[in-house]
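Number of protein chains: 2
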Amino acid sequence: MGYFTISDLAQEFHVSTRTIRYYEERGLLTPIRTESGQRLYTKKERAKLKLILRGKRFGFSLEEIHEMIALFDEDRTGKKQLEKTVEYGRKKIKEVSERIDDLLKLKAEMEALLSDFEKRLREWEDRAE
Amino acid sequence: MGYFTISDLAQEFHVSTRTIRYYEERGLLTPIRTESGQRLYTKKERAKLKLILRGKRFGFSLEEIHEMIALFDEDRTGKKQLEKTVEYGRKKIKEVSERIDDLLKLKAEMEALLSDFEKRLREWEDRAE
DNA sequence: ATTTTAATTGACGTTGACGTAAAAGTCAAT
DNA sequence: ATTGACTTTTACGTCAACGTCAATTAAAAT
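If you're matching them up, the sequences are chains A and V in order.
Basically my numbering = 1-based index in the first sequence + 70.
Basically my numbering = 1-based index in the second sequence + 70.
Any given hint could turn out to be false.
As the list claims (entries may be wrong) - Now the in silico label distances, taken between C-beta atoms and shown as ranges:
| hint | chain 1 | residue 1 | chain 2 | residue 2 | range |
| --- | --- | --- | --- | --- | --- |
| 1 | A | Glu157 | V | Arg127 | 17 to 27 Å |
| 2 | A | Trp194 | V | His84 | 35 to 45 Å |
| 3 | V | Ser77 | A | Arg190 | 28 to 38 Å |
| 4 | V | Lys120 | A | Glu193 | 27 to 37 Å |
| 5 | V | Arg127 | A | Glu195 | 35 to 45 Å |
| 6 | V | His84 | A | Thr100 | 35 to 45 Å |
| 7 | V | Ile102 | A | Leu123 | 34 to 44 Å |
| 8 | A | Leu123 | V | Lys113 | 34 to 44 Å |
| 9 | V | Glu181 | A | Ala178 | 17 to 27 Å |
| 10 | A | Glu157 | V | Lys113 | 34 to 44 Å |
These are computed hints drawn from the structure, not numbers from a lab.
Beta carbons: idealized from backbone N, C-alpha and C, even for Gly.
Using the sequences and the hints, build the whole thing.
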C-alpha cells in the first residue's frame, strides 16, 4: 500500500511508461526499486510527476522543470541553502507571473478579434431580414 | 515604406532569418516578393510573427499556432465561414483560459512552497539570536 | 504449471524546430 | 566596378523528447 507501479502512474496521467522512464533518465524522478529491480513510486514521486506534466503544459523544458523540482528534492537544512531556495523560488514565481500576464494579453487579443467577427456576423444577419 | 526585410524582423524580434523562413515553410507567414525574389513583410505579416512568438512562449506548437493564425488569413466573407470562425475562436479562448487557470494553480503551489521555506528561514534566524 | 500480462534494459527510429554550411544572386557604398 | 553585406534555395546536421522494437525476466491470472 502507498506505492505505485510505473503503469499505475502511466494510466493515471495518460503518459507512456517510456516517458516516465525517460524522466528518470533525465534525473527528474527517483523511484525506489524492489528486490528484483522493479520501480516503485511513492506519493512524493507521484507529486513530482504531476508537477512535471503541469510544467510541460506551459512549455517549460524538462531542464527548467528539473530546476523547479530541485526544490522538493534537495537537502535544505542550512541557512545558506534556505536563502538560496527562497531567492530561486521568488525568481521562478516571477517568471510564472509574467507568463500569466502574457497569456492574459493573448486572451484579450483573441477576444477583440472574436468580437469583431461577431459584429460582422450580426451585420450579416441584420442584412438578411 | 511600410515594408520590412527579413533581417529587419530578425533583429526586431531576436530570431534568426532561418527561423522566419522556416515559419514560411510551415505556412505561417506569407511575405510578398520583390521582382528579384526577395521577401518583403507587411505590417500584417509582422503582426503575425509577433503572434507566433507569443504563442511559442506558452508552449503552443507551430501547428497550433498555425490554426490560430488562420483567423487572420482566411477569407471570412460568407456567413458559414463567419460562424465557423466565431465558434473556433471561442474554443481557443477557452483553451487559453484553462491554461491561465492552470498557471495560477502552479503559482499558488509555488507560493505555498516558498512561504514554507520562508517560515523555516525565520525559525533559523530566531534560533540564531 | 503454464499462459498472459507487465516490467527491465538497450538500442535504434522519429518528429519538431530549428542551426549551419554551400553556392549563387542582389543591393548599397565606395 | 569592385567590395562587402545581405539574400536566395538546397541540403544536411542537431537536439530534445520521446516512440518503437527486441530480448529477457518477473508477476498475476487461470
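Going through the hints against the structure:
A beta carbon spacing of about 24 Å between A/Glu157 and V/Arg127 agrees with the range 17 to 27 Å that was offered as a hint. Between A/Trp194 and V/His84 the Cβ separation comes to about 41 Å, which falls inside the hinted range of 35 to 45 Å. A C-beta distance of roughly 36 Å is found between V/Ser77 and A/Arg190, which places it inside the suggested range of 28 to 38 Å. Between V/Lys120 and A/Glu193 the CB atoms are about 28 Å apart, so this pair conforms to the stated range of 27 to 37 Å.
The given range of 35 to 45 Å is respected by V/Arg127 and A/Glu195, whose C-beta atoms sit roughly 37 Å from each other. For V/His84 paired with A/Thr100, a C-beta distance near 37 Å keeps the hint of 35 to 45 Å intact. One distance hint, 34 to 44 Å for the beta-carbon pair V/Ile102 and A/Leu123, holds here, with the actual separation near 42 Å. Taking 34 to 44 Å as the suggested C-beta distance range, the pair A/Leu123 and V/Lys113 conforms, at roughly 39 Å.
In this structure the supplied range 17 to 27 Å holds for V/Glu181 paired with A/Ala178, their Cβ-Cβ distance being about 25 Å. Between A/Glu157 and V/Lys113, the C-beta spacing of about 42 Å keeps the proposed range 34 to 44 Å intact.
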